[in-house]
Amino acid sequence: MTAAPTAGGIPAGVWPAYLDCLQDADEYAAVEVAVGLLEAGVPAERVLLDLVAPAQAEVGERWARNEWSVAQEHAATHISERVVAAVAGYANPRPTRGRVVVACMDGEWHALPPRLVAEVLRLRGWQVTFLGASVPAPHLVSYLHRHDAHAVALACALPMRLPHAHRMIEACRRVDVPVVVGGRGFGVDGRWARRLGVAWASGAPSAADLIADERALRRVPPAELSHLADDEYTSLLKRRGELIDGALAELRERDPGTRDYTPSQLDSTVSDLGYIVDFLAAALYVDDGALFTEFVDWLVEILTSRGVPAATVGSTLEHYGRVLRDFPRATRFLGAARSSVVAAGGVRPR
Amino acid sequence: MRRLVVVRLSTRSGAQLVTAADVRDSDPGDGRISAPRAARATAWTAGAPARQTPSLPALAADREHAAPDWSEVVEHFREGLVVCDARGVVRHVSPVAERLLPEVAPGELLAAAGIAALADGAEFTHHGRRLRARRVPLSAARCCWYVEDVTESVTRADALLAERARSAFLAVVGEKLGNPLHPDRAAAAVVRLAVPTLAEVAVLVLAPRSGRARWWRAARSDDDAPVVDSGVLPAVDLPAAIVEGLDGVEPHTLDWLVEQAVEAGWLPGLTAAESCARVVPLPGRDAPAGVLLTARRVDRWYDEADVELVRAFAARAGAALTTALLYRDQAEVADTLQASLVPVEPAEATGVQWGTAYRPAQAGLRIGGDFYGSHRLVDGGSVFFLGDVSGKGVEAAVFTGQLRQCLQALHRVESQPGRLLKLLNDALLETSQAQGQGRFATMVLGVVRAHREGGLTLTMAGGGHLPPLVLRGSGEVEPVPLSGMLVGVVPDPRIGEVTVRLEPGETCLLYSDGVTEARGGRRGNEQFGTERLVHAVGGCQRMPAPALAERVEQVTCDWLAHGDHDDIAVLALRATGPVERTPRHLHAVPDATGAAELRGTRP
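Chains as they are written, first to last, in numbering that gives the first Met the number 0: chain A, 0 to 349; chain B, 0 to 602.
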């Protein structure tokens with residue numbers, strides 16, 4: 000760390016050093032890198048957004064490419080959290096504005112992005128309560144009953160959780176607290192947030208700007224969910240178990256090798272089959288086939304990087320398509336995703 | 000034209016015609032000919048063939064028979080008739096038209112009457128009556144004006160619409176204020192809802208507490224959302240009308256109040272001369288919870304119906320505020336009690352990195368029947384424990400509190416885990432026998448001591464709880480052979496004891512049955528089981544203890560997939576050892592040592 004920081008930015012050498020700390024799960028070294036930047040005069044917000052956030056994104060990439068195990072990813076995330084705590088402690092801003100509650104949706108464990116939002120809000124003078132990962136809706140609501148909040152910021156990283164996210168948003172609305180949401184779960188451009196009728200922020204700074212503008216927070220067009228009247232979403236959920244069983248039986252039929260799976264291989268196959276159903280359900284919920292196709296493309300990429308052929312996903316989609324032939328929207332979404340898998344079939348895995 | 004409307008409506012909606020269009024179109028207004036209307040309605044609804052145009056019979060056909068005198072018949076139309084010739088000169092004015100348009104005189108130009116608003120299809124006010132006119136061309140370039148008095152039907156339709164608007168408003172109010180809110184939210188919601196339906200500016204003053212009154216105000220803005228602000232006033236500065244309202248009286252003379260309020264800057268955008276105001280008390284439990292001042296321009300004077308609406312709104316607002324206060328008070332009590340029963344994070348101990356996770360079965364409640372904790376011993380070691388009491392919810396949580404208090408006291412006299420657990424057993428047995436409530440617990444209780452050369456020794460006693468797991472440096476997971484009987488059931492239980500050595504980086508994991516008995520999987524009824532837990536932590540030897548505990552919580556919750564679950568508790572102890580630097584409090588301002596220098600010392 001001999002190079003002086005460029006104006007407001009992160010010097011070039013710091014980045015690989017910091018990633019090494021994450022790789023080695025060395026909490027104290029990582030904290031020292033961040034604190035060193037602060038001491039050299041880099042603003043806390045820049046350390047959070049230009050060092051911690053992109054490093055965490057890189058951690059996700061490495062997991063997706065199967066370079067890092069889940070355990071390594073978890074350890075690195077834990078270290079990032081400690082770094083955030085250290086940066087927040089170093090800056091130690093004094094709250095001058097109202098209370099903002101930040102939380103992850105129920106079932107959502109990607110706590111670092113909302114944690115960064117929480118700290119950026121704190122740096123901008125808000126009194127922030129961070130409720131952490133996977134916050135159950137009743138817990139959040141009872142918190143809002145006890146402590147008046149200017150706004151609630153909710154994070155959702157996986158579109159699969161959108162139906163739950165919607166319930167949570169509604170719960171906050173019922174206690175008359177404005178909600179702003181963020182995270183990749185709402186689409187890169189926030190289009191599924193608009194579908195659910197909720198204010199969306201693309202990142203921590205824009206979340207902070209939105210929260211500062213109460214009238215903008217309250218001025219949200221209503222949800223567009225009239226398509227739910229066809230009951231495809233609820234009917235699909237009811238048939239979840241049946242669909243997974245059927246897909247598994249069909250997989251064993253087609254590929255005898257899968258019959259010799261270890262219990263944990265079987266578990267991950269079952270959970271992948273379940274994710275396909277859950278993402279399809281979420282796509283039906285917001286009526287956007289692109290949600291499902293994006294997920295299937297991603298899944299194919301993940302599976303091929305772990306040696307599972309793309310054709311497996313394709314035939315599972317076919318199986319679901321056969322079972323769900325009475326579901327016009329689901330049939331359409333499955334068809335679109337299948338064509339995408341076929342198109343990707345010729346591409347060699349990375 | 001009018002008939003046509005009725006036909007269409009009756010065929011669409013059956014016999015009952017209840018729309019506003021019907022009220023406006025079928026009522027004669029002046030009540031002169033109500034019988035024909037009833038007869039006509041019967042005829043149409045009986046399914047008589049509907050003629051699409053009200054064409055008159057051909058005049059030429061039966062002239063020599065008893066032909067009606069059409070001019071006589073026409074006199075009794077509800078519409079007034081004015082017939083003009085090709086030049087626009089009035090040739091005929093029916094008696095009804097004479098009454099409605101007295102300026103129109105036969106033999107003069109119609110334009111000369113000076114009724115500017117008279118146009119085909121126009122509805123206009125003339126001599127205080129609401130008139131609707133239409134122009135029909137006749138033969139030889141003549142034309143006939145049909146003029147109808149719709150004053151009363153319009154009034155009734157307006158009244159109906161206004162009534163509907165009031166109901167819709169109160170429905171929205173009920174929906175918004177029907178949920179228990181935080182008291183401050185409820186107050187802000189009350190003023191926000193009052194604008195613009197009830198007021199241009201609405202001010203809510205809460206009943207003063209210790210001589211100070213909190214207020215909220217909403218003012219109409221160009222935007223659709225009103226501007227809300229709030230503050231505090233000394234109770235002695237409140238205007239008399241507000242004080243009266245706080246005593247539960249609805250003040251009647253309000254002119255003085257408007258002036259006072261405008262002068263004091265309470266009503267932005269309104270002037271004293273052009274404003275009117277109402278003050279209503281918001282009913283509370285015994286005395287009013289507060290008063291609502293609504294003000295708007297005099298051109299929207301508060302009539303009887305408006306005042307009724309303000310009162311109905313005030314009743315709902317008062318209920319919402321009262322509920323909010325009650326709820327807040329109870330939540331505060333519950334919160335305080337809960338806080339004393341939530342597991343306390345383990346105390347920092349040399350050589351140990353703690354990791355915990357806790358997820359009670361009832362999410363709204365932050366407490367449950369699982370517990371964990373630690374106490375430091377004078378010799379530098381620590382007692383640690385994790386367990387689960389019988390039952391769920393508040394009662395179970397209260398029992399965990401008793402149990403933790405027992406341990407808090409007992410660890411001072413006995414620090415050998417097996418003997419300490421026996422002492423605890425006797426104490427619990429005595430309490431539960433005295434109270435006649437057969438409560439019991441399962442738990443693992445241990446003592447951890449750090450070695451100077453790194454690593455930890457854990458001596459653990461088992462009270463019928465799931466045996467802990469040890470995550471070795473190789474990434475393998477070993478179950479700890481630990482058995483024993485339930486705590487608090489029999490006087491001299493069999494208690495197992497085991498000693499485990501952890502090298503630096505190795506972790507011991509204690510967990511409750513909420514983890515292994517979590518039901519999920521394909522059908523949502525399969526238990527998570529120890530196998531899956533072992534698989535989930537296997538290979539995680541480099542994870543810090545908090546990350547490992549969270550990982551166990553996460554895989555369990557993923558397995559549950561939003562299903563119901565039992566209380567979940569996890570306690571992880573990781574041996575830090577000399578290879579890792581001693582923990583530094585991360586919130587403290589770091590010393591002046593440069594980061595570059597320190598990085599060089601990194602192993």
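These are computed hints drawn from the structure, not numbers from a lab. Take the hints with a grain of salt, since some may be wrong.
[To be verified] The calculated SDA-like cross-link candidates involving lysine to any residue, where the alpha carbons are at most 25 angstroms apart (straight line), are:
no., chain 1, residue 1, chain 2, residue 2
1, B, Lys-391, A, Leu-130
2, B, Lys-421, B, Gly-437
3, B, Lys-421, A, Val-219
4, B, Lys-391, A, Tyr-260
5, B, Lys-175, A, Asp-287
6, B, Lys-175, A, Gly-288
7, B, Lys-175, A, Pro-220
8, A, Lys-237, B, Gly-437
9, B, Lys-175, A, Ala-211
10, B, Lys-175, A, Gly-202
11, B, Lys-421, B, Ser-431
12, B, Lys-391, A, Gly-97
13, A, Lys-237, A, Asp-287
14, A, Lys-237, B, Ala-234
15, A, Lys-237, B, Gly-523
16, B, Lys-175, B, Arg-284
17, A, Lys-237, B, Glu-525
18, A, Lys-237, B, Asp-557
19, A, Lys-237, B, His-561
20, B, Lys-175, A, Ser-225
21, A, Lys-237, B, Asn-524
22, A, Lys-237, A, Val-322
23, B, Lys-175, A, Asp-325
24, B, Lys-175, A, Glu-223
25, B, Lys-391, A, Arg-145
26, B, Lys-175, A, Val-219
27, B, Lys-175, A, Arg-98
28, B, Lys-175, A, Val-322
29, A, Lys-237, A, Asp-325
30, A, Lys-237, B, Leu-559
31, B, Lys-175, A, Arg-145
32, B, Lys-175, A, Gly-97
33, B, Lys-391, B, Lys-175
34, B, Lys-421, B, Gly-523
| Does the alpha-carbon distance linking A/Lys-237 and B/Gly-437 stay inside the 25 angstroms limit? | Roughly 41 angstroms between the alpha carbons, so the hint for A/Lys-237 and B/Gly-437 is violated.
| task | Verify the proposed pairing of B/Lys-175 with A/Gly-97, using a straight-line Cα cut of 25 angstroms. | result | Holds, at roughly 22 angstroms.
| Given the hint that A/Lys-237 pairs with B/Leu-559, does the C-alpha gap stay at or below 25 angstroms? | It holds: about 16 angstroms lies between the C-alpha atoms, which stays within 25 angstroms.
| said: Next pair to validate is A/Lys-237 with B/Asp-557; report whether the Cα-Cα distance is within 25 angstroms. | reply: This hinted pair holds, its Cα atoms lying about 19 angstroms apart.
| query | Do the alpha carbons of B/Lys-175 and B/Arg-284 lie within 25 angstroms of each other, as the hint requires? | reply | Given pair B/Lys-175, B/Arg-284 holds - Cα atoms ~21 angstroms apart, limit 25 angstroms.
| said: Check the hint pairing B/Lys-421 with B/Gly-437 against an upper bound of 25 angstroms on the C-alpha distance. | reply: holds, 18 angstroms
| task | Given the hint that B/Lys-175 pairs with A/Asp-325, test it: the Cα-Cα distance must not exceed 25 angstroms. | result | violated, 39 angstroms
| request: Compare the distance between the alpha carbons of A/Lys-237 and A/Asp-325 with 25 angstroms, and conclude whether the hinted pair is satisfied. | output: holds, 14 angstroms
| request: Quickly compare the C-alpha distance for B/Lys-391 and A/Tyr-260 to 25 angstroms and report which way the hint goes. | output: Roughly 38 angstroms between the alpha carbons, so the hint for B/Lys-391 and A/Tyr-260 is violated.
| said: Would the hint linking A/Lys-237 and B/Ala-234 be met if the CA-CA limit is 25 angstroms? | reply: With Cα atoms ~59 angstroms apart, A/Lys-237 and B/Ala-234 exceed 25 angstroms; violated.
| field | Hint consistency between B/Lys-175 and A/Ser-225 [alpha-carbon to alpha-carbon, up to 25 angstroms] | value | holds, 22 angstroms
| message | Does B/Gly-523 sit within 25 angstroms of B/Lys-421, going by the straight-line distance between their CA atoms? | response | violated, 39 angstroms
Of the numbered hints listed earlier, those contradicted by the structure are 3, 4, 5, 6, 8, 10, 12, 14, 23, 28, 33 and 34.
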